[in-house]
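Each protein sequence line maps, in turn, to chains A and B.
Heads up: the first sequence runs through residues 431 to 698, numbered per my numbering.
Heads up: the second sequence runs through residues 8 to 278, numbered per my numbering.
Hints were generated in silico from the structure; no laboratory data involved.
Honestly, I wouldn't trust all of these hints.
Unchecked claim - Facing chain A, a subset of chain B residues (Cβ under 10 Å, in silico):
#1 LEU35
#2 TYR41
#3 SER71
#4 VAL72
#5 ALA74
#6 ASN75
#7 LEU102
#8 ALA122
#9 PHE140
#10 PRO147
#11 TRP219
#12 ASP220
#13 PHE227
#14 ALA229
#15 VAL240
#16 THR263
Glycine included, every Cβ here is placed at the ideal spot set by N, Cα and C.
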Amino acid sequence: MLLWLLAFVVVPSAILFVYSFCERDELGRVVFSFTWENYQRVFDPIYLRIFVRSIGYAALTTAICIVAGFPVAYFIGRAGEAWRNRLLLLVMVPFWTSFLIRTYAWITILKQEGLLNAVLQSLPFGLGPWDLLYTPTAVVIGLVYAYLPFMILPIYGSVEKLDGALIEAAHDLGAGPLRVFPAVILPLTLPGIAAGTLLVFVPAIAMFAITDLMGGARVPLIGNVIQNQFLQARDWPFGAALGVVFMALFAATYWALLRFRAREDSIG
Amino acid sequence: MPSTAAPRLRPPSGLRLLQFGLGGWTALVLLFFYLPIVVLVAYSFNASRLNVVWEGFTFEWYRSVWANGPLLQAARNSLVIACATTVLAVVLGTLGAWLLHRYRFRAGRSIETLAAIPMVMPEILMGISLLVFFATISLPLGFGTVIIGHVTFSFPFVLIAVQARLRGLDPALEEAALDLGATPAQAFWLVTIPCLRPAIVAGALMAFTLSWDELIVTFFTADAASATLPLRVFGMAKVGLNPTLNALSAIFVVATAALVAFAAYVRRLNR
């Protein structure tokens, strides 16, 4: 097992790191040498902007997922046993359904001559048709739709462990819901929110399949650029450099989360 | 509205209202989850090729799935890859969990952290690093490379499931087997493995579903002959709407729902 991890996780990552310092010849073959050029290109304003935009989209997606998902996770977590299992199953089905199919479903709805515009135009308000597909809005809808279950389930895990007596005690001591939430519920479910953030934020940064389907080529995010360097542009060293920078970003997030978890454990 | 979630004590009226709001919001989110899927399935029966206006009921698109050679080939590829992945992931995950449990390595914690990385690592990073790795050792892309990729991100899920089960296992069972004259191999095979079976089944289901649905790692590690179903679906969906794809998706949704229900059933048996 350890061998497998070394061979197919550690070594490939190391090779990626090495490639990021290489050059390529005019045929797109990788030439082993040492250059900082790829990294200089990563920090070129064009790519920097794409990086920042990708992080912005991912952050917006994560924020929407937390705000929309928390009440659901909380409701399910505090529901009676029978309802809890039923509702959980209802969240599990989309969780397990291929994100590709779920994204595709939105194309039918958002398309110019699609369902949403048909409904809007049949209303008497003179709305639409709106150009919805292949817009930033569509990308965010696609990302939220794909990742919301990944936020709900870990938060649910935290809510389920939450001792109801603590909330009751707070109520008995005269705290209203507005006070109990920031003082009791939020701190105790923070580990779930943090886990959900890792599951949503990091993958959403580079999810090129959803941006491809919902954004067309109009909203390039970092995942699309990386994928493009490896397939169409065949500039592997530059793609590798982008990958390494993204890897550093991922590692930082993951490490921060592990630290946070370790601190929670030592307190709890 | 489901309002069975009342706390044990009689809540103040403000809380009742809050409870109601939470329930309503949950219903809305579930609607948001399911409405697109319902639309998708409904349109798979639509006679219109353009898939916008309802023109009547048809099974034609299901027939066209059945007649689509590349799609069926991709489905076969996916099945082969998912089965191979499941077997390898179960073996690797179970052995790994057992070794970590049995022999408390000094580096145990670090190994566990390392094993968790493939689960959380963005798939695109795993995809490109495997791609450069296979290129470096000049291993041609194909079924082998896809399966390696899939096993790498799925076996940690088996490992975690089995590890959780091992922790709850009474070590006296294995010791009793050894006292009664079983060899360590017999004790492992006849006592430990049967005890772990629920976790192994759950892990196997997980590995199979993950492999069956995976797009990104496959994207970088497959060649044309080993293209999986998600890869084909992605190619088709990029072009735009296609009623054949709706029919295929509908089949997928039903299969997934059945699988989730089965997994829930297995979980209940575990209790």
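So, going through the hints one by one against the coordinates:
1. LEU35: Where the cut-off is 10 Å and the nearest Cβ of chain A is about 9 Å from LEU35/B, the hint holds.
2. TYR41: holds (7 Å)
3. SER71: violated (16 Å)
4. VAL72: The hint is violated - VAL72/B has no Cβ within 10 Å of chain A, the shortest such distance being about 13 Å.
5. ALA74: violated (20 Å)
6. ASN75: Given a least distance of 16 Å, the restraint on ASN75/B is violated.
7. LEU102: holds (6 Å)
8. ALA122: holds (6 Å)
9. PHE140: For PHE140/B, the interface hint holds, since the closest Cβ of chain A sits about 4 Å away, which is under 10 Å.
10. PRO147: violated (16 Å)
11. TRP219: holds (8 Å)
12. ASP220: holds (5 Å)
13. PHE227: Since chain A brings a Cβ to about 7 Å from PHE227/B, closer than 10 Å, the hint holds.
14. ALA229: Check failed: Cβ of ALA229/B comes no nearer than 12 Å to chain A, outside 10 Å.
15. VAL240: Nearest chain A Cβ about 5 Å off; hint holds.
16. THR263: holds (5 Å)
Consistency note: the structure conflicts with the earlier hints numbered 3, 4, 5, 6, 10, 14.
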